[in-house]
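With the hints as constraints, model all of the structure from the sequences given.
Chains as they are written, first to last, in the numbering used here: chain E, 1 to 293; chain B, 294 to 564.
Derived from the structure by calculation, the hints contain no laboratory data.
Just some of the chain E residues that point at chain B, by a computed CB distance under 10 Å:
| hint | residue |
| --- | --- |
| 1 | H92 |
| 2 | G102 |
| 3 | V106 |
| 4 | D222 |
| 5 | M231 |
| 6 | S263 |
| 7 | L277 |
Covered by chain E, according to a simulated footprint, are these stretches of chain B (three or more residues, beta-carbon under 8 Å):
| hint | region |
| --- | --- |
| 8 | 367-379 |
| 9 | 394-405 |
| 10 | 496-506 |
| 11 | 540-553 |
Every residue, glycine too, gets a C-beta built ideally from N, C-alpha and C.
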Amino acid sequence: MVLIQQIVNGVMLGASYSLIAIGYTLVFGVLHLVHLAHGEVFMIGAFIGLQVVLLTGGGVTAAISAAAASAALVGVLVYLVAIKPIRARKGHFLAPMISTIGAGLVLQELATRFFGGEQVGFPVQMDSHIWHLGGVTLTSVQLVILAVSLGLMLALHLFVTLTRVGMAMRATAESMVISNTLGIRSERIIILTFAIASGLAGVAGVLVGMSFNSISPYMGVDMGIKGLAAMLLGGLGNVYGAMLGGLVIGIVEVISVAYLASSYRDAFAFFVIIAVLLFRPRGIFGSTDHVEA
Amino acid sequence: MLDPYTESVLIFTGINIVVALGLYLPVSAGLLSLGQGGFMAIGAYTAAYLTTELQWPFVVALLCGGVMAGLVGFVVGLPSLRIKGIYLVIMTMGFGEIVRVFFLNFEPTGAASGLGGITTHTTLPVVATAVALTLLLCFQIRGSRIGRAIEAVREDELAAEVIGINLTYVKVAVFGLGAAIAGIGGGLYAHYATFIDPAQFGFQRSAEIFIMVVLGGMGNYAGAAIGAVVVTVLPEVLRLGHAQEWRMTVFGALLVAIMIVRPWGLLGVRR
Numbered sequence: 001m002v003l004i005q006q007i008v009n010g011v012m013l014g015a016s017y018s019l020i021a022i023g024y025t026l027v028f029g030v031l032h033l034v035h036l037a038h039g040e041v042f043m044i045g046a047f048i049g050l051q052v053v054l055l056t057g058g059g060v061t062a063a064i065s066a067a068a069a070s071a072a073l074v075g076v077l078v079y080l081v082a083i084k085p086i087r088a089r090k091g092h093f094l095a096p097m098i099s100t101i102g103a104g105l106v107l108q109e110l111a112t113r114f115f116g117g118e119q120v121g122f123p124v125q126m127d128s129h130i131w132h133l134g135g136v137t138l139t140s141v142q143l144v145i146l147a148v149s150l151g152l153m154l155a156l157h158l159f160v161t162l163t164r165v166g167m168a169m170r171a172t173a174e175s176m177v178i179s180n181t182l183g184i185r186s187e188r189i190i191i192l193t194f195a196i197a198s199g200l201a202g203v204a205g206v207l208v209g210m211s212f213n214s215i216s217p218y219m220g221v222d223m224g225i226k227g228l229a230a231m232l233l234g235g236l237g238n239v240y241g242a243m244l245g246g247l248v249i250g251i252v253e254v255i256s257v258a259y260l261a262s263s264y265r266d267a268f269a270f271f272v273i274i275a276v277l278l279f280r281p282r283g284i285f286g287s288t289d290h291v292e293a
Numbered sequence: 294m295l296d297p298y299t300e301s302v303l304i305f306t307g308i309n310i311v312v313a314l315g316l317y318l319p320v321s322a323g324l325l326s327l328g329q330g331g332f333m334a335i336g337a338y339t340a341a342y343l344t345t346e347l348q349w350p351f352v353v354a355l356l357c358g359g360v361m362a363g364l365v366g367f368v369v370g371l372p373s374l375r376i377k378g379i380y381l382v383i384m385t386m387g388f389g390e391i392v393r394v395f396f397l398n399f400e401p402t403g404a405a406s407g408l409g410g411i412t413t414h415t416t417l418p419v420v421a422t423a424v425a426l427t428l429l430l431c432f433q434i435r436g437s438r439i440g441r442a443i444e445a446v447r448e449d450e451l452a453a454e455v456i457g458i459n460l461t462y463v464k465v466a467v468f469g470l471g472a473a474i475a476g477i478g479g480g481l482y483a484h485y486a487t488f489i490d491p492a493q494f495g496f497q498r499s500a501e502i503f504i505m506v507v508l509g510g511m512g513n514y515a516g517a518a519i520g521a522v523v524v525t526v527l528p529e530v531l532r533l534g535h536a537q538e539w540r541m542t543v544f545g546a547l548l549v550a551i552m553i554v555r556p557w558g559l560l561g562v563r564r
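In structure tokens, the structure reads:
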């Protein structure tokens with residue numbers, strides 16, 4: 001029973017990692033680029049969500065929608081300002097990575113400036129209810145986190161498999177040149193990809209704020225690293241891999257805290273990754289396409 | 294005599310040049326690493342522990358730090374035979390995190406509260422010597438047999454292997470050597486900062502070193518050195534005048550701008 005409870009807790013934590021990892025993987029899918037400001041976009045989402053709660057007294061729904069919208073906007077801006085011009089000039093393949101680090105620095109500094117450098121609490125008005133399901137305890141906050149993140153993943157799955165735009169996204173990720181010749185406006189698809197990726201990160205920001213009840217301008221780095229790890233575990237560019245990778249890392253982290261050494265929690269995820277990479281260098285679901293990148 | 298502020302900027306610049314060259318070596322063989330902060334930490338902690346706790350002479354301790362980081366580098370370099378590109382970047386990033394968490398929990402070196410009371414041994418002449426020796430080493434390598442092997446591996450691994458280059462040997466050697474140089478840089482840093490804690494060697498440090506090499510241009514040693522100078526001196530220049538408060542914001546924005554204007558690096562060659 002204790003183990004089941006730990007796994008439930010792990011899924012809760014991991015679902016947020018998954019949302020962030022999906023963003024990395026969507027961007028990597030279309031541009032073959034590691035978007036190193038993604039963690040900061042997540043952080044901005046969390047702060048905008050908090051502001052909405054504080055200023056308007058809005059509930060969870062308002063916080064999540066505002067966070068998603070503002071993060072999507074910031075993400076698209078990062079693309080337009082820091083990535084697109086470099087792609088247009090055909091620079092070194094690492095150049096956009098450096099400029100996203102720069103963009104991340106700017107976002108972090110701006111957040112520190114406007115919201116202060118301290119950790120702040122994340123008050124969410126919600127009637128807290130506790131359910132006991134055969135020894136497993138669930139609070140209403142946890143249920144919301146679980147429902148929102150799993151719901152969004154399902155929605156994303158339906159979007160990319162069933163809609164025309166989703167199909168265009170997959171085609172662009174497959175090959176930008178060919179999808180261009182087929183009449184897909186890949187530039188719009190890229191912007192849409194950034195909006196979706198960043199929006200999901202913004203939602204994750206609010207969810208993480210709710211579950212830890214604290215956010216800070218510096219949390220983007222840590223969560224960003226975890227999200228990258230989750231993406232890598234699943235295989236670069238694979239959306240379902242990112243979902244699973246996030247859950248695995250969340251569960252490993254929670255279980256390592258419970259049964260091994262809590263002070264090493266941030267390292268266990270990486271031990272798992274290095275172990276996986278040694279035996280399967282392209283991640284769990286990854287194709288061999290990017291191994292030579 | 295220089296005033297203390299200028300001297301400290303020069304010393305940090307020197308240390309960063311050493312560390313950037315340490316990353317340039319594996320990069321020149323096509324092995325990217327976002328975990329150089331971890332190797333710096335190993336070198337810094339080893340050297341600082343030896344001088345403070347065991348009263349070893351500074352130079353010996355510094356070299357031991359380098360050797361230690363180099364040995365770990367060999368081990369970390371082994372998977373690089375199979376893991377490539379972005380995967381290697383993220384794996385080394387994970388390694389950096391593991392090192393940080395290790396020192397966060399390692400009691401003999403003060404765990405989370407850090408290791409203090411380190412005597413200042415890193416003076417300007419010491420740093421200048423270190424920079425000169427590292428540059429000399431890099432130029433020696435470039436002209437040598439192994440230097441040409443490194444270049445061949447970067448351009449085309451398969452072809453390099455066909456003409457009889459031992460891939461395993463070249464990759465692991467170059468990764469280990471880069472790690473050792475980062476370790477020496479870490480030792481120099483520890484003996485100037487006089488206090489080290491794991492947070493100083495986190496992802497931000499690794500990213501900073503990575504920025505130096507890419508910003509400078511990945512084509513040559515001088516590029517890495519120039520990148521190190523820019524990354525160290527630019528935030529200091531921004532302290533002047535009214536930019537003080539916005540200095541890191543401006544620095545971030547300038548990084549973006551430089552990559553847009555010269556996407557192949559400051560001294561890099563367009564391919």
